[in-house]
Each structure stands twice: as structure tokens, then as C-alpha cells.
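Peer 1: In case you want the letters, here they are:
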Amino acid sequence: MQTIFEKSVKGRVGCQLPSSLGSDSELSGLTRGQLDAPEVSEVDIVRHYTALSKRAFGVDDGFYPLGSCTMKYNPKINEDMSAYAPIANFHPWQEAEDSQGSLEILYELQEYMRVVTGLPGISLQPAAGSHGELTGVMLMKAFHEKRKDSKRTKILIPDSAHGTNPATANMCGYECVQVPSDASGCVDLVKMRELCDQETVGMMLTIPNTLGIFDRNILEISKILHGQGALLYMDGANLNAILGMVKPGDMGVDVMHINTHKTFSTPHGGGGPGGGVVACTDELSQFLPVPRIEKSGDAYTLNFDYPHSVGRVRAFYGNFGIMARAYTYILRHGKEGTRRIGEFAVLNANYIRARLQGTYNLPHQGNCMHEVVFNDENQAQYHVSTMDIAKRLLDYGMHAPTIYFPLIVHGAMMIEPTETESKQTIDEFCDIMIKISEEAKTDPEMLQQSPHRTVVRRVDAVKAARNPVIVCNTCCT
Amino acid sequence: MSDHNIPDGIFYNKEHEWVKIDGDVATVGVSDYAQDLLTDVVFVELPQMGKVVKQFGPACVVESVKSVSDVYAPIGGTVSEVNTALESAPEQVNNDPYGSGWMFKLTGINSSETANLMNAQQYKEFIAKQAH
Chain A
1 MQTIFEKSVK
11 GRVGCQLPSS
21 LGSDSELSGL
31 TRGQLDAPEV
41 SEVDIVRHYT
51 ALSKRAFGVD
61 DGFYPLGSCT
71 MKYNPKINED
81 MSAYAPIANF
91 HPWQEAEDSQ
101 GSLEILYELQ
111 EYMRVVTGLP
121 GISLQPAAGS
131 HGELTGVMLM
141 KAFHEKRKDS
151 KRTKILIPDS
161 AHGTNPATAN
171 MCGYECVQVP
181 SDASGCVDLV
191 KMRELCDQET
201 VGMMLTIPNT
211 LGIFDRNILE
221 ISKILHGQGA
231 LLYMDGANLN
241 AILGMVKPGD
251 MGVDVMHINT
261 HKTFSTPHGG
271 GGPGGGVVAC
281 TDELSQFLPV
291 PRIEKSGDAY
301 TLNFDYPHSV
311 GRVRAFYGNF
321 GIMARAYTYI
331 LRHGKEGTRR
341 IGEFAVLNAN
351 YIRARLQGTY
361 NLPHQGNCMH
371 EVVFNDENQA
381 QYHVSTMDIA
391 KRLLDYGMHA
401 PTIYFPLIVH
411 GAMMIEPTET
421 ESKQTIDEFC
431 DIMIKISEEA
441 KTDPEMLQQS
451 PHRTVVRRVD
461 AVKAARNPVI
471 VCNTCCT
Chain B
478 MSDHNIPDGI
488 FYNKEHEWVK
498 IDGDVATVGV
508 SDYAQDLLTD
518 VVFVELPQMG
528 KVVKQFGPAC
538 VVESVKSVSD
548 VYAPIGGTVS
558 EVNTALESAP
568 EQVNNDPYGS
578 GWMFKLTGIN
588 SSETANLMNA
598 QQYKEFIAKQ
608 AH
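Residue numbers (the working numbering), protein chains in the order written: chain A, 1 to 477; chain B, 478 to 609.
Chain A on its own, in the form it takes in the complex:
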């Protein structure tokens, strides 16, 4: 397939600037004379991107069971609302007094986030989960620095953690200390007690963890940390599982981030941008980014007057269009509906666990939360690996689950159906997984060479990583 640059023909034009922007003579001097953009007609560009979209696979195409990174369906009402002209055309340079409706949306969303987290301090600024993490750990740093507690340099991170956690700790200049998991997949409390001391900044914990397990010792964990003057950071990547059922603030969490693109159904990945809402205790809220969106009387205001703030972390108010989608999603569900999101997410994952247990090996027994982690131990005797199973799923028109993560499970397959999927869809997925396990016995070679029905067959990932061929047609030709 040709790239859009290869389809370019000099002088071919596909669009005209709207006359409201001004005439050519008015725009001269403001526009670039030379721009290395492809020159194509409207029909060329429509066909090009339609062809690309047919080769892609997303949650609008079929089942998409990516665990730990909740990839849930984005209801179209979110798009309707965010495309509503006063929201879509809201200009970031408008004064606060001319932006009351938009600020009201953001203020009310903050209020809902307070209810969900049980934490009073909220910032909607961070533009991604990782950005929220960075902001959250900056708050922890500011907290210790204000107390002149400079000997704290270590952040405890469980071995089941998301890779962003150690990355965040490093960005803040801290040293990561890995805490092992016990046989049940939870934090090893004995080891944690040994590692947690007066040099500990805090701990970054995903709740429920990446094995899909709710750590039953969470209150003890927060007690150990607080006993040493350290803080508990919650990675909210898996908040979907406990939505409306338990408030992080009640578990001793001091600061956390929420991925609106996971829990609150805003677009994800390449379709983002993301949203990394930060929530924290009253004690930490003095350090939150400015401006903070507040209400005084009937007016919504931007308050910059927080001398201990870590400062601005994002231009304007964060990704406003994304927050408008999250706000829509919460309003659409209401309080009871929000609770059902968590309940159905957990029910669906446990249904898959019950149907596939035995067919696939389950390294950590017992009920799971929103995601279930199997591995390929039962298929190893046929020399069929997790990679082969994942590739074969593509042949059946389903997206593969997250594989080889968490790292503490050898050959992990992490399946997260989310609350959106029906019993019929989940049964279809389980039937296919069972069928693949039969294929492993009867025709392992076919699995090892899968996928067979996709546009691109199995790619040589090793060769691609060792010998990347990177060609830029724009400036390097």
C-alpha cells in the first residue's frame, strides 16, 4: 500500500481554506510558502484513510480484551456532547467570566471525582496517566520537602507494577525499591515491613493489582507506610474494577491518578489524547497544580493563589474535550449506574475465569477482579506459546489480550472483557479460546505460523527491533 506522500501529485488540491479566515492577500505573510505536505484530491485522501481504517482493528470492530489498560467501548453520546458547538469551539484564551459553562463542567467533574475517590483535592490538568503519576509523585516530593524531610529517597514498587511507576519515580529523582509479591499475588508484607523505613518517600500501588487481585492487606499496607511517615500512591489504572464499591481515600490512599481514558470511556491510545486526573488528601492539596477551578457564590473561578503549588503541569485546563466526555459518561450512568460498571466488569472477568480455567493454566487461584491472568503452561507440551495463541485469536476476528505482562507470570495472558461486553460476545470469545487449545493439540504447527487470515502475517518482531528501517520522506530524501 502506498503512503499518502507517495500518492502526492504536485499542484493537486483537495481543500480550500474557509473564506472566514480572510482572503489570500490578507493571509499573505501569515502562511508558510513551503510546506512538505502531500498534495492530493479529496477523493484520494478519503480513500487512503478509509483503506487504512479497514486494515486496523479497534473496539468498534470487535472484542478487545486488553487487560490492565482498560480499553472499553467509548459510547457515542460522549462524542455527541463533546462535539456540541459551545464545548467544541470553546477557546482556551477566553476569560474565566466568558467561560462559565465550561468551567462549570470541569468543576462538577471535580466534584464527581471527589465522590469516586473519597479524596478532596482534585486536578484535571494532567494529559495522560503517566503525566498524572508524575504530578502525583511531585505532590509527594513537595510534601516531604515542605517538612524539610530530605533523607527520603526511596519509592517502594511491587514487582507486579506497571512500568510507568518506576519511570515516574526516576523522573522525580527517586530510587526504586522492588517489593516482591507473595504466593497469592499480593504484596509480601514481611518483605515490605523490612523495606519500609524513614528513607521511604512512599509506595506506588496499583489497586486492584495487575494480576486482577484486590490486595486484602491494603489497610495494613497504608498503616505500615504512614507509621514511617511515608505516603501511599495509588495507580488508578484498574479503578474500573472498584468503581462505586470502595473509595481509595477510605483505604488510606494519599494521592492517586485516574485514567479518564480507561475508567471513564474517553478515547485511548492513538485515539486519545488522554486524561490523568489527580486526586489527593486535604493535606496534599496545597501542592496541586494551578490554576485550580473553584466556585465562589455562583461564579466559577481560576485560582492561582496557592504559593506551595508544584505549578502548572499543562497548558490551560488540561484536555477539556476529554473531560467533557468523562463528564458525559458519569452523568449518563448516574450513581447507581457507575457502581454497576465495576460490578459487571468484575462479573464478566470471573465468568471468563470459570469457563477457561483448566483449559488454560491459572497461576493465581481464587476470584479475580476486572481481569484474569492465565498462562501457556498447559500448551507448553505441544510447543504452543502465549504468542501463538494471541496471534491465532486475530484469525478469528478478535483482538489479542495483553500478553507477557505482568512480568511475574511466565507467558501471561491478561484478559479484561470490561462491563460493556454481552454474555454472547464473551461466550464467543471463550468458545474460540477453547477451540485454539484443541488446535494446539491437533495442529500446533498451524498455530505457530498464525495468523493466516490477516492482511499482514506474523511479523518478525526481532528483526524489526534489531534492524529498524526508518525512512522519513519529508525531510530525509
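Worth flagging that the hints you see were computed from the coordinates, not collected in a lab.
A couple of the hints might just be wrong.
The following label-pair restraints were derived from C-beta to C-beta distances [unchecked claim]:
id : chain 1 : residue 1 : chain 2 : residue 2 : range
1  : B       : N572      : A       : E445      : 24 to 34 Å
2  : A       : C172      : B       : G585      : 22 to 32 Å
3  : A       : K76       : B       : G576      : 26 to 36 Å
4  : B       : N572      : A       : E377      : 25 to 35 Å
5  : A       : G173      : B       : T561      : 28 to 38 Å
6  : A       : G62       : B       : S588      : 54 to 64 Å
7  : A       : Q228      : B       : V538      : 26 to 36 Å
8  : A       : E175      : B       : S588      : 21 to 31 Å
9  : B       : N587      : A       : C172      : 29 to 39 Å
10 : A       : E377      : B       : K491      : 32 to 42 Å
11 : A       : G173      : B       : V538      : 13 to 23 Å
12 : A       : E343      : B       : K491      : 37 to 47 Å
13 : B       : K491      : A       : V469      : 35 to 45 Å
14 : A       : P363      : B       : V538      : 34 to 44 Å
Straight-line alpha carbon distances no greater than 20 Å define the calculated SDA-like cross-link-like pairs of lysine to any residue that follow [stated by the list, open to error]:
id : chain 1 : residue 1 : chain 2 : residue 2
15 : B       : K531      : A       : K148
16 : B       : K606      : A       : P180
17 : A       : K148      : A       : C172
18 : B       : K497      : B       : G553
A partial selection of chain A residues facing chain B, derived with a Cβ cut-off under 8 Å [to be verified]:
id : residue
19 : G11
20 : V13
21 : Y404
22 : V462
23 : R466
Just so you know, even glycine gets a beta-carbon here, dropped at the ideal spot from N, CA and C.
Given chain A, work out where chain B should sit, using these hints.
Peer 2: Relative to the frame of chain A, chain B by itself:
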């Protein structure tokens, strides 16, 4: 489970690195078991020359198609030499983990720290337990 090559005469740590002591110099790499778990290594981020590492502290990074992992120093010391051949041929870590796949050398070592490490027999028993 397949048999891994665990040679005698060198020491191993729980993170699956090996260290060979020659007088004042320690040579470090990852074990055959580690390279098998990692799968095809695609990149090794070697440590800076002169970097001081503590025993069991992170020293460098190894990247495979599956994951990115820290390589821990089985023994403390100062990085005195790095295997730059791995920059263009990371597959040596898979092909010859105890030979041309070595990663870095340390000087200024305290060889008594090897008391905290496993010999080949102990390491074989350790990975046999890991597999289950």
C-alpha cells in the same frame, strides 16, 4: 523444562546474572536461563564507564521483544570495561551468554561479596524451584 547450561567456576545471583572473578576484575553477564526467559535480546544499554555500582544494584538494561529488564550487579565495583560489540550484535547474549555475550567488567571489587552469591549447583536448584 529444557536443560540450561549452568557452568561451574562462576557465581550467580537470584536475578540470574553471573559473575566471573579473575584476580581484581569481575566479568558480568546474564545466565543461560535468563537469556531463555528474556527471549531474543534486541538491545543492551551498557553502563557508563566509571559508573560505581553496589552489589545487587541496577547496572544496565537489557531489552527483548517481550520486555525491558534491569541487569543487576552481582558484586559491587567500578565499571572498567563494557562489551561494545553488543551494541551491534545483541544476539550474542542469546547465542553465547557466558562468552561473547558478557556485558561489563568491574574493578575495585571486594571478592568476599561472593559469599552472598550461589555456585552452579545452588543456582541449578534455585531455577528448578523457579520453574514451578
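Peer 1: Which numbered hints are broken by the structure, listed smallest first?
Peer 2: Hints 3, 10, 14, 15, 19, 20 are the ones this structure does not satisfy, whereas the remaining hints hold.
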